[in-house]
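Colleague: Sequence:
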Amino acid sequence: MSAETKPPAPARRLPVNPGAAFRRRVARPRGSFPFLAPTWPGGVERPPPERDLGVDYDTEWARRYGVRMARVVVTEALTRPLLRVLASPRVDGLDRIAALDEPAIFAANHASHIDTPLLLTVLPERWRHKTVVAAGADYFFDKKWKAHWFAFSINAIPIERQRVSRRSADLAAELLTEGWSLIIFPEGGRSPDGWAQSHRPGAAWLSVRTGCPVVPVYLEGTRRILPKGGGKLRPGAVHVTFGSPLRPGEGEDARELAVRVEQAVAALADEQITDWWTARRRAAARTTPGLTGPSAGVWRRSWALGARTGRRSHLAPLSPGGERRWPDRDS
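Going by our numbering, the first residue of the sequence shown is number 91, and it counts up by one from there.
Bear in mind the hints are in silico, worked out from the structure with no lab data behind them.
Ideal Cβ positions, reconstructed from N, Cα and C, are used throughout, including at glycine.
Treat the hints with care, as some may be off.
Mimicking BS3-like on lysine-lysine, the simulated pairs with C-alpha atoms at most 27 angstroms apart in a straight line are [what the hints assert, rightly or not]:
no., residue 1, residue 2
1, LYS236, LYS220
2, LYS322, LYS220
3, LYS322, LYS236
4, LYS233, LYS322
Across the chosen pairs, the derived CB separations fall in these ranges [stated by the list, open to error]:
no., residue 1, residue 2, range
5, GLY326, GLU215, 52 to 62 angstroms
6, SER334, ALA167, 25 to 35 angstroms
7, ARG256, ALA160, 53 to 63 angstroms
8, LYS322, ASP185, 54 to 64 angstroms
9, TRP239, GLY279, 11 to 21 angstroms
10, LYS234, GLY156, 16 to 26 angstroms
11, GLY301, TYR155, 50 to 60 angstroms
Model the full assembly from the supplied sequences, consistent with the hints where possible.
Modeller: What follows is the structure, encoded as structure tokens:
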């Protein structure tokens, strides 16, 4: 066949979706292990992925000697001087725990993120550097950098807040029996409006299980420095009051002890705004004002909080005589 009569070459067929074909070539580079991840043999059950965050985060490294010494330096040289300037803490009740020479569970109300470093820095020295902090696994241990930082800076251990976790409970109990003390906030989270929330029985359960005493603590003023949701520090004055250690009575379960702990923290709050004798009389008569505030609207709760703390709230109107009065209606 001559060149003049030679049929034209068939046109090259293009893929229907050239972009997809290109992506397939890029997504499947040629090569093998160790340059690529090994394949998993078919028919073999794949093990579940290893979890290392949340309640599964291992904090053992943060209690090693070298890390502990580094934390002592940070606490004494940085955190304590900073909080003296920021919070000017006044501390009462240390005489009530002066004779205590064993690990303890410090149970405090919770209104601000500065509660933990403040409490760590005002603890007597025999506990200050051998205390772990029960911290929410879902908040403080949800990311690697947060888990590393809080495990180092405040010696935090992850605690499950939404449900009962045997792993976190066993870890806290094991550390108490090994001589470590524990800071825990029985409310389970920071107060949204300044009033406390009902106590959960975690601290009481650990006391019943280990025999360690529960020391009630009331912190007043931290919310004004850094409230929940606030991003700006406002220097102020803070008052910390330690109560007498509480131990489970014979046959007393965790829920009964938790009620006593909550009542003791409420009595400390009453002591701060009245005096020791008045607070004792009210506690004996079971007339101590509750920590959770009135069952009312936001307006009245804010008003009552200002009246309780002795500080004027911008929502609390004054009568012509200068005294606080209830509003005519809820907001």
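Colleague: Next, verify each hint and record whether it holds.
Modeller: Against the structure, the hints:
Taking the CA atoms of LYS236 and LYS220, the gap is near 21 angstroms; set against the 27 angstroms cutoff, the hint holds. For the proposed pair LYS322 and LYS220, the alpha carbon gap of about 30 angstroms is over 27 angstroms, so the pair is violated. Straight-line distance between C-alpha atoms of LYS322 and LYS236 comes to about 20 angstroms, which keeps the hinted pair within the 27 angstroms bound. Between the alpha carbons of LYS233 and LYS322 the distance comes to roughly 23 angstroms, so the proposed pair stays at or under 27 angstroms and holds.
Checked against the hint of 52 to 62 angstroms, the pair GLY326 and GLU215 fails, with Cβ atoms roughly 26 angstroms apart. Taken as a hint, the range 25 to 35 angstroms holds for the pair SER334 and ALA167, whose Cβ atoms sit roughly 33 angstroms apart. Between ARG256 and ALA160, the C-beta spacing of about 31 angstroms breaks the proposed range 53 to 63 angstroms. The given range of 54 to 64 angstroms is broken by LYS322 and ASP185, whose C-beta atoms sit roughly 36 angstroms from each other.
A hinted range of 11 to 21 angstroms holds for the C-beta pair TRP239 and GLY279, which are about 19 angstroms apart. In this structure, LYS234 and GLY156 meet the distance hint of 16 to 26 angstroms, their C-beta atoms being roughly 20 angstroms apart. At roughly 27 angstroms, the beta-carbon separation of GLY301 and TYR155 lies outside the given 50 to 60 angstroms, and the hint is violated.
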